[in-house]
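Novice: The primary structure of each chain is shown beneath.
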Amino acid sequence: MNTINVRYFAGIREKFGRGQDVVNADGIRCAADVWHRVSGVSSVSAPINVLVAVNQEYAPMDHPVRAGDEVAFFPPVTGG
Amino acid sequence: MNTINVRYFAGIREKFGRGQDVVNADGIRCAADVWHRVSGVSSVSAPINVLVAVNQEYAPMDHPVRAGDEVAFFPPVTGG
Amino acid sequence: MVRVQRHPFDPWAEIAAHERQYPQWAGKYGATAVFVGSLRDFNQGHTVAAMTLEHYAGMTEKHLDKVSREAIARWEILDPLVIHRYGPLAPADPIVLVAVWSAHRDGAFLACRYIIDELKTRAPFWKHEETDIGRRWVVPE
Amino acid sequence: MVRVQRHPFDPWAEIAAHERQYPQWAGKYGATAVFVGSLRDFNQGHTVAAMTLEHYAGMTEKHLDKVSREAIARWEILDPLVIHRYGPLAPADPIVLVAVWSAHRDGAFLACRYIIDELKTRAPFWKHEETDIGRRWVVPE
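Protein chains in written order, with my numbering: chain A, 1 to 80; chain B, 1 to 80; chain C, 1 to 141; chain D, 1 to 141.
Hints in this document: simulated from the structure, not taken from any laboratory. The model shown is predicted, which means the values in this text are computed figures rather than measured ones. Since no wrong hints were added, every one of them can be taken at face value.
Listed next, with one range per pair, are the computed distances between beta-carbon atoms:
| # | chain 1 | residue 1 | chain 2 | residue 2 | range |
| --- | --- | --- | --- | --- | --- |
| 1 | D | Asp-79 | A | Asp-21 | 36 to 42 Å |
| 2 | B | Pro-64 | C | Trp-137 | 28 to 34 Å |
| 3 | C | Trp-137 | A | Pro-76 | 50 to 56 Å |
| 4 | D | Asp-106 | C | Ala-57 | 26 to 32 Å |
The beta-carbon is built from N, C-alpha and C at its ideal position, and this holds for glycine as well.
Produce the entire structure from the sequences given, and follow the hints as far as they go.
Specialist: So, in structure tokens, the structure goes:
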């Protein structure tokens, strides 16, 4: 399974118009690479206010990602 | 009614062997005077760790007291 | 609302009943902070078999009313619920309940903490405990 | 114990049930601190008719477990009870419950506050509210 499961939540899910994608892991080294792939943006920096989780733990955009991982993008949280 | 109602609580009540006294208000100007009257001690200072309430509000030993008042002496509180 | 009472109480049932009694509050607060103090079966290294709480009837209610009013003046909170027992207590018995309803959690926490701290340091209650080494008055920490 | 659930809950009944489930705790703790967050019918100047809580299933439980363990490591407390809802909510509904049992009130208050603060700033929940001016995502304060 050479894929990465990508999840979107809240306003970012709405913006994408879907809750998840499955992308090919080839050429992906970190969470930012995943973001560029799914958002179609090639600039280095991700938009402000996008939070990242890799395998359900908070991570920076440069956190390593490999096949089989789950990567999530979401706006600041508002629970409680 | 030319009297002052004096109340004792907890360890001080036990030391006095009673929960209250009624004393004549003549010659009494402040809570310390009441203490000296009931404790039979003539020194100016009251023992450390005796708290005072006059009419059910905390007060210093030199707080004025007059006929009809209720004066209470008790150790540090331990509620809650 | 302040209640000083001899009989045991169930803090969670009291809070639920209080909320039912004020249906107009529902939806107005977003934060409820609660403190319950209960009797431990050990204290300062010794087993506690029972406790008696002496209190200064009248002054306790006055003091707790005053502390509640101070909290209401200081934070954006609804009328707090304060219940305190006196008389004989058994281990695990709830002794005191402080419940505060507020728009925001900061006010709820701070007011709840303020009330219980003021209660503990100023309300005229005295604990007399029966331990495995005899009876003793509890001394403030 | 952490529970993330869709169906409504009664915080006071949950706490009472939790205490009944752990009778061996009775008499061991002297302080219980509780926080309940509930849905207000107004927010930032507008009437709130309803709210939907989106969450990241799996990550929420992991995060809340981690925060509970951190609190246990840091203060002298028993296993906290944390319940959080997701899905559709009505005004006045309890959203979150944090209950902490401790030997002393300091640990109980600090651990309770720590858990709710960490939950609010880090747990992956998102509030979408229906107001009198339309639907909107709630923005952190």
